[in-house]
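Novice: Residue-level listing of the chains:
2 protein chains.
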Amino acid sequence: MSGLKKDILAIAKGAKEASLIMGQIHSSVKDKALLAMADGLERNKARILSANKKDILAAKNKKLKASFIERLTLNDKRIKAMADSLRQVAAIRDPIGEIIKIWTRPNGLWIGKLRVPLGVVGVIYESRPNVTADCIGLCLKSGNSAILRGGSEAINSNISIYAVLNEAARRSGIPEGAINLIRTTDRKAVHILLTLSDYVDLIIPRGGESLIKEVAGRSRIPVLKHYKGVCHIYVDEDADLNMAERVCFNAKVQRPSVCNAMETLLVSRDVAARFLPSMIKRFKEAGVEIRGCPVTRKIVRDIKAATEKDWSTEYLDLILSVKVVKDLDEAVEHINRYSTKLSDAIVTENYHASVEFLRRVDSAAVYVNASTRFTDGGEFGFGAEIGISTDKFHARGPVGAEELTSYKYIVFGSGQIRE
Amino acid sequence: MSGLKKDILAIAKGAKEASLIMGQIHSSVKDKALLAMADGLERNKARILSANKKDILAAKNKKLKASFIERLTLNDKRIKAMADSLRQVAAIRDPIGEIIKIWTRPNGLWIGKLRVPLGVVGVIYESRPNVTADCIGLCLKSGNSAILRGGSEAINSNISIYAVLNEAARRSGIPEGAINLIRTTDRKAVHILLTLSDYVDLIIPRGGESLIKEVAGRSRIPVLKHYKGVCHIYVDEDADLNMAERVCFNAKVQRPSVCNAMETLLVSRDVAARFLPSMIKRFKEAGVEIRGCPVTRKIVRDIKAATEKDWSTEYLDLILSVKVVKDLDEAVEHINRYSTKLSDAIVTENYHASVEFLRRVDSAAVYVNASTRFTDGGEFGFGAEIGISTDKFHARGPVGAEELTSYKYIVFGSGQIRE
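Those protein sequence lines, which keep their order, are chains Y and P. One point on numbering: in the working numbering, the residue at position 383 of the first sequence is 383, and numbering is uninterrupted. One point on numbering: in the working numbering, the residue at position 52 of the second sequence is 52, and numbering is uninterrupted.
For reference, chain Y alone in the conformation it holds in the complex (with noise of 0.2 Å):
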């Protein structure tokens, strides 16, 4: 065995071990934890910048793209925001040990579900280090041990961030291999990890689609994935048009880098002639291309031709393809058939509308009349999210603690046997 497999291998081992401990910790105890990780982060923000800029100057030598580097960096406020989230998190209920539900059999058995944790998660990113706060914050809540392996290009921010945390965990009453954080930047590490399902029971890649699809076509491991966001909004015809105006706005213009903004704006044929020109010109003063279909672009003049290939693309930019549907029935057709079945929005004032879209979009998160930046853990009341699940397998949607557990049956018998 190489030594990189016997170095992976032993902190498996470890974080199945501590696991055990883990789901038996009372909820206080959880919480003090994450008060003291929130405060060490504070307290020792020096020595987390410090270790950053080590980071940021390697990957300005190696020509990283802007946007990269604005990822990478911590500031004042960024570490006050990861202090935070671990504070939303602490405040939070416990969801470990909570009776889901419990009956009775007619031979008197009670049956309960009692909520538990997985086990072990492992979770693999890129190059955003308050996702290493984030992610042993909700892996702690949940009783769950947490694996990490986060980009090399933040590896200084990284292990001086779980420093800290593991430091305030330990004096806290954490069990020792309860956090741990992979410090090889060797990709070999993650091939080990992956393979690693008698101590391993959850993985969470987060970060771009290669990175994702590696994990998810080398894994042993359950995968809990995130593809991409194509999110739309259907503007009714009993649509409030004023809110509409609001609503598309904030979900393009708000932060277009996103996952859960809009890419396609849907609007019904009969309101298309009084929404599109202000709405169009609205987006186009916030530096907006449009792109539009055959009857948009009688409506507005100048607008680019939206392509087949507009509707199932990611923009992740100001841009946004529009199209002008027949009816509800039409947009939701649209929706099932090129959304990501991320996050989906009607805006409409009608009843029967609401209902309908509801139940008909297949999507992970569908809205009524609010924006689809919604979808998100710390929007949701989750205190923070570990990812956002495009699958409908275990967990959809964003994933805070609940989704990091499982259950048992609990049973109470009076002597039962089976017939």
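Just so you know, these hints were derived from the structure itself, not from any lab. For every residue, glycine included, the Cβ atom is placed at its ideal position computed from N, Cα and C. Treat the hints with care, since some could be wrong.
[Said to hold, decoys possible] Part of the chain P face toward chain Y, derived, beta carbon under 8 Å:
{"hint": "1", "residue": "Ile111"}
{"hint": "2", "residue": "Pro222"}
{"hint": "3", "residue": "Cys293"}
{"hint": "4", "residue": "Ser363"}
{"hint": "5", "residue": "Asn369"}
{"hint": "6", "residue": "Ser371"}
{"hint": "7", "residue": "Arg373"}
{"hint": "8", "residue": "Lys392"}
{"hint": "9", "residue": "Ser406"}
{"hint": "10", "residue": "Ser414"}
[What the hints assert, rightly or not] Capping the alpha-carbon separation at 20 Å, the derived lysine to aspartate or glutamate pairs in EDC-like fashion look like this:
{"hint": "11", "chain 1": "Y", "residue 1": "Lys13", "chain 2": "P", "residue 2": "Asp362"}
{"hint": "12", "chain 1": "P", "residue 1": "Lys113", "chain 2": "Y", "residue 2": "Glu402"}
{"hint": "13", "chain 1": "P", "residue 1": "Lys225", "chain 2": "Y", "residue 2": "Asp198"}
{"hint": "14", "chain 1": "P", "residue 1": "Lys113", "chain 2": "Y", "residue 2": "Asp198"}
{"hint": "15", "chain 1": "Y", "residue 1": "Lys80", "chain 2": "P", "residue 2": "Glu419"}
{"hint": "16", "chain 1": "Y", "residue 1": "Lys101", "chain 2": "P", "residue 2": "Asp362"}
{"hint": "17", "chain 1": "P", "residue 1": "Lys53", "chain 2": "P", "residue 2": "Glu126"}
{"hint": "18", "chain 1": "P", "residue 1": "Lys45", "chain 2": "P", "residue 2": "Asp84"}
{"hint": "19", "chain 1": "P", "residue 1": "Lys63", "chain 2": "P", "residue 2": "Glu126"}
{"hint": "20", "chain 1": "P", "residue 1": "Lys101", "chain 2": "Y", "residue 2": "Glu402"}
{"hint": "21", "chain 1": "P", "residue 1": "Lys80", "chain 2": "Y", "residue 2": "Glu419"}
{"hint": "22", "chain 1": "Y", "residue 1": "Lys213", "chain 2": "P", "residue 2": "Glu419"}
{"hint": "23", "chain 1": "P", "residue 1": "Lys13", "chain 2": "Y", "residue 2": "Asp362"}
{"hint": "24", "chain 1": "P", "residue 1": "Lys77", "chain 2": "Y", "residue 2": "Glu419"}
{"hint": "25", "chain 1": "P", "residue 1": "Lys13", "chain 2": "P", "residue 2": "Glu176"}
{"hint": "26", "chain 1": "Y", "residue 1": "Lys101", "chain 2": "P", "residue 2": "Glu379"}
{"hint": "27", "chain 1": "P", "residue 1": "Lys101", "chain 2": "Y", "residue 2": "Asp376"}
{"hint": "28", "chain 1": "P", "residue 1": "Lys16", "chain 2": "Y", "residue 2": "Asp376"}
{"hint": "29", "chain 1": "Y", "residue 1": "Lys101", "chain 2": "P", "residue 2": "Glu98"}
{"hint": "30", "chain 1": "Y", "residue 1": "Lys228", "chain 2": "P", "residue 2": "Asp198"}
{"hint": "31", "chain 1": "Y", "residue 1": "Lys16", "chain 2": "P", "residue 2": "Asp329"}
{"hint": "32", "chain 1": "P", "residue 1": "Lys281", "chain 2": "P", "residue 2": "Asp317"}
{"hint": "33", "chain 1": "Y", "residue 1": "Lys113", "chain 2": "P", "residue 2": "Glu176"}
{"hint": "34", "chain 1": "Y", "residue 1": "Lys113", "chain 2": "P", "residue 2": "Asp238"}
{"hint": "35", "chain 1": "P", "residue 1": "Lys213", "chain 2": "Y", "residue 2": "Asp198"}
{"hint": "36", "chain 1": "P", "residue 1": "Lys228", "chain 2": "Y", "residue 2": "Asp198"}
{"hint": "37", "chain 1": "Y", "residue 1": "Lys101", "chain 2": "P", "residue 2": "Asp376"}
{"hint": "38", "chain 1": "P", "residue 1": "Lys113", "chain 2": "Y", "residue 2": "Asp94"}
{"hint": "39", "chain 1": "Y", "residue 1": "Lys77", "chain 2": "P", "residue 2": "Glu419"}
{"hint": "40", "chain 1": "P", "residue 1": "Lys101", "chain 2": "Y", "residue 2": "Asp198"}
Keeping the supplied structure of chain Y fixed, place chain P upon it in accordance with the hints.
Specialist: Chain P in isolation, oriented as in the chain Y frame:
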């Protein structure tokens, strides 16, 4: 593309399309279909039994084992049991459309978690033809499309059961493509199915370990696995020893060939000398071979010594390993080390011991004062089961209609935008 690949792809695409309709069908339609399917089985008994005869004859010609032929064989009673199981599935509450929880955010958004079907469920199973009816029933109840692939030895039985069920379902308003049987016995059909992750959402292998390992190894689709059942009962020092004898006897002897039968008996050393002599006598009278630890063999003479291998062996037979332990701690430790985490029990009248056992034993179903044999979808009140999961991911323990579901978030706004 090969003809076979074209065929399997067409089935999978058709199933996906039908699943969009299936997710919207009202409970009353699904339950009417389930009852019509049950009646259909009973009305077409002769036709099914005659197809089954062909399979039995072929199996006998191939000189397959008696136990294999026993599992393959249908009769009046077994057809009635299949029909009754469909009626029980009709009687349970529809999981689809349930709002699991709903909450209000500080900005006024209502966020609800709505239960929805997974989509398309593939089941790959071996020779028991009753699995065909159970799986179709549970998939239909949970609004999923089903693709079944049974063992080649039961092909005539399966085609005949499928034809009866599909006909009854179609006449009751279930869409074409919702229920599918792969008729070819070519193994490549399974290999192709396991790659179609764009159309199939879950694969459930039911059968021996080699089938499960092969499916899990090849599948690009999430798999719910059920490996071995090494189940324990711990007789605590505060047990009612009469109850303990009844429960242990039932767990070992009532049906030794199944996964939830007891394989290892653990006894507190404080009661071993009082409990074991009469318990082992009763087991021996029932033909059970005992393999004991050194202490057990001091208490009861003339029994075989258990080896290290015995503690992790699933006998599926009238064999039982017995170990005397110091206390609850040692029992829990032994179970968490050797159990396959399916079904483990304690017999005790001590409150503290019962709670500690329920908390600390890391198994899918943990019992106080009841036989491990109750780990079963029917016994849990699910109407039937499509399998028993020894995974922690997505579903654990008996898998009924509710476990074949996912959820989506439905969000009710009044124009909220993200700041």
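Novice: Would you mind marking each hint as holding or not holding in the structure?
Specialist: Cross-check of the supplied hints:
1. Ile111: This hint holds: Ile111/P lies near chain Y, its Cβ roughly 6 Å from the closest one there, short of 8 Å.
2. Pro222: With a minimum Cβ separation of about 4 Å from chain Y (threshold 8 Å), the hint on Pro222/P holds.
3. Cys293: 24 Å, violated
4. Ser363: 7 Å, holds
5. Asn369: Because about 4 Å separates Asn369/P from the closest Cβ in chain Y, which is inside the 8 Å limit, the hint holds.
6. Ser371: Constraint on Ser371/P satisfied, holds at 5 Å.
7. Arg373: 4 Å, holds
8. Lys392: 4 Å, holds
9. Ser406: 4 Å, holds
10. Ser414: Holds, because the Cβ-Cβ distance from Ser414/P to chain Y comes to roughly 6 Å (cut-off 8 Å).
11. Lys13/Y with Asp362/P: 17 Å, holds
12. Lys113/P with Glu402/Y: 13 Å, holds
13. Lys225/P with Asp198/Y: 14 Å, holds
14. Lys113/P with Asp198/Y: It is violated: about 32 Å lies between the C-alpha atoms, which goes past 20 Å.
15. Lys80/Y with Glu419/P: Status holds; Cα separation ~19 Å.
16. Lys101/Y with Asp362/P: 19 Å, holds
17. Lys53/P with Glu126/P: 17 Å, holds
18. Lys45/P with Asp84/P: Given that 20 Å is the threshold and the Cα spacing comes to 14 Å, the pair holds.
19. Lys63/P with Glu126/P: Judged against 20 Å, a Cα distance of about 17 Å means the pair holds.
20. Lys101/P with Glu402/Y: 13 Å, holds
21. Lys80/P with Glu419/Y: 19 Å, holds
22. Lys213/Y with Glu419/P: 33 Å, violated
23. Lys13/P with Asp362/Y: 17 Å, holds
24. Lys77/P with Glu419/Y: Judged against 20 Å, a Cα distance of about 17 Å means the pair holds.
25. Lys13/P with Glu176/P: 12 Å, holds
26. Lys101/Y with Glu379/P: 16 Å, holds
27. Lys101/P with Asp376/Y: At roughly 17 Å apart (the allowed maximum being 20 Å), Asp376/Y and Lys101/P satisfy the hint.
28. Lys16/P with Asp376/Y: 28 Å, violated
29. Lys101/Y with Glu98/P: Holds: Lys101/Y and Glu98/P sit about 14 Å apart, inside 20 Å.
30. Lys228/Y with Asp198/P: 15 Å, holds
31. Lys16/Y with Asp329/P: Distance of about 19 Å is within 20 Å: holds.
32. Lys281/P with Asp317/P: 18 Å, holds
33. Lys113/Y with Glu176/P: 36 Å, violated
34. Lys113/Y with Asp238/P: Judged against 20 Å, a Cα distance of about 26 Å means the pair is violated.
35. Lys213/P with Asp198/Y: 14 Å, holds
36. Lys228/P with Asp198/Y: Holds: Lys228/P and Asp198/Y sit about 15 Å apart, inside 20 Å.
37. Lys101/Y with Asp376/P: Distance of about 17 Å is within 20 Å: holds.
38. Lys113/P with Asp94/Y: 19 Å, holds
39. Lys77/Y with Glu419/P: 17 Å, holds
40. Lys101/P with Asp198/Y: Violated, because 33 Å separates the two Cα atoms, which is more than 20 Å.
Hints 3, 14, 22, 28, 33, 34, 40 from the list above are not met by this structure, while the remaining hints are.
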